[in-house]
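> Below are the chains, spelled out letter by letter.
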Amino acid sequence: MKVLVPVKRVIDYNVKVRVKADQTGVDLANVKMSMNPFDEIAVEEAVRLKEKGKAGEIIAVSIGPAQAAETIRTALAMGADRGILVKTGGEVEPLAVAKILKAICEEEKPMLVIAGKQAIDDDASQTGQMLAALLGWGQGTFAHSLELSDGTARIAREIDGGLQTVAVKLPAVMTTDLRLNEPRYASLPNIMKAKKKPITEKTPADYGVDAAPQLKVLKVTEPAKRVAGIKVKSVAELLDKLKEAGAI
Amino acid sequence: MATLVIAEHDNKALNDATAKTVTAASQVGGPVHVLVAGESCKAVADAAAKIAGVEKVLLADNALYARMIAEAMETLILSLADRYDAILAPATTSGKNYLPRVAAKLDVPQISEIVKVVGADIFERPIYAGNAIQTVQAAAGKKIITVRATAFAKAAEGGNAAIEILPAAADPGLSKFESEALSKSERPELTSAKIVISGGRGLGSGENFKLIDKIADRLHAAVGASRAAVDAGYVPNDYQVGQTGKVVAPELYLAVGISGAIQHLAGMKDSKVIAAINKDEEAPIFQVADYGLVADLFQALPEMDQELAKRGY
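Residue numbers (the numbering used here), protein chains in the order written: chain A, 257 to 504; chain B, 1267 to 1579.
To be clear, the hints were calculated from the coordinates, so they are not data collected in a lab. Computed from a predicted structure; not experimentally measured. Relax, there's no trap hidden among the hints.
Taking lysine-lysine and the DSS-like style, the derived pairs with C-alpha atoms no more than 30 Å apart in a straight line are:
1) B:K1442 / A:K308
2) B:K1480 / A:K499
3) B:K1535 / A:K497
4) B:K1420 / A:K475
Please take these sequences and the hints and turn them into a complete structure.
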């Protein structure tokens, strides 16, 4: 069973983003970039399936600039077998990403696509669901656990009220939530081995997809800042202040 | 043309997020219709019909929609899409699950988690965990939007909309609901509570969350948690407040033993009043707190419990 894992190159989780003065976006110059944390969880899940003998080949796909090859190398070092880099300039919206992934799925015929539930840059949370719809597949989003048997993925999902388990027919798309697993760090020998694993380079045009954004970003601004308030000395004073503020 | 809002509910009661999404929908324009899809959910449709500004309620009452499974919701919403210019759903785990499928099938981008309607086709939405606000203009064609409910006021009651009964759309047969394990609580729901008290890694164990529960009971507050506390298994996942958990904006947010990572702040910084108790005076939470108390929570919480009792809470 082939598994496809899309991985996105984003600003590192620990970096404090700065909005550009000209309001065209956030400053990406000289900022540490990493694999989207939810995608790391996706790669880990695929590798665990492989280790349990439930998955065969794992293909990592990234759609982005030339440097997204590094993100694919990270996935390869974690245990993915080969990569596909679809090179684009500029931002690509989730719908275009989903269209490219659909074309790749039609070529590669994976039984399962494991994607992150959202990317921590645009916070859109759309790609997995869109891909499933375009392929006419079922989906299990915000996955907390996965069990595969008899052509079915049994996925427990993190929902607002707790957990919900759905049985989804394969092939299917699953998107990962935080508690699905804890991703491994790639070992040095595996990082070396990953350098020899193949990455195929493509463009959106190879898949007949127009990757130009459809939404127009008019501006990107700083959110309203909260100013630090005061320190109180005791629990009683805290309650007095909250009472004065009408909060309790 | 009209604007459609997909109702959030549990088949018994309408979730507040719906009336808040109706407010956003009214700002987008056109008469507002509400789709209630569920099973044995007539009471929900009746409640939706009473929201001021709602012109019509569409009721799809069928076992197929009992859990609002994404694939079935997609087919149902697509069967109605011709009638609408814009389709909005609250950005709950449910809305986030089905709406992107609808957008993809209509071949239009989705605009996720709007926090402001600037114009009929211009919206503000947070990106990078709320560290930047993006103003976007919708593309030509239908507008498919999820709404961060906490950013909008609840539409008033007083409406009297007609209810149209819809037949069920086809069953795509791709997935089926198996089971649910929901957290049971007598407390108010996290995203609509007036007061939220959240605990973090500083609590040290699930058992110690009882200290928070006591205060929550006195203040009729909901209980939340940081990702660290959820990851450590102190409390279930549905307690998580933050970029990838729930976004809350109560009258009072009391953070206890939470350092204040940007991902957590993303989920609570729009609260009206923020108070924090932390023993580390350098904790970033104090940079956004209106009132900060540097103290050991294991002393401060029992003291707060007694003090509240003394004051008649």
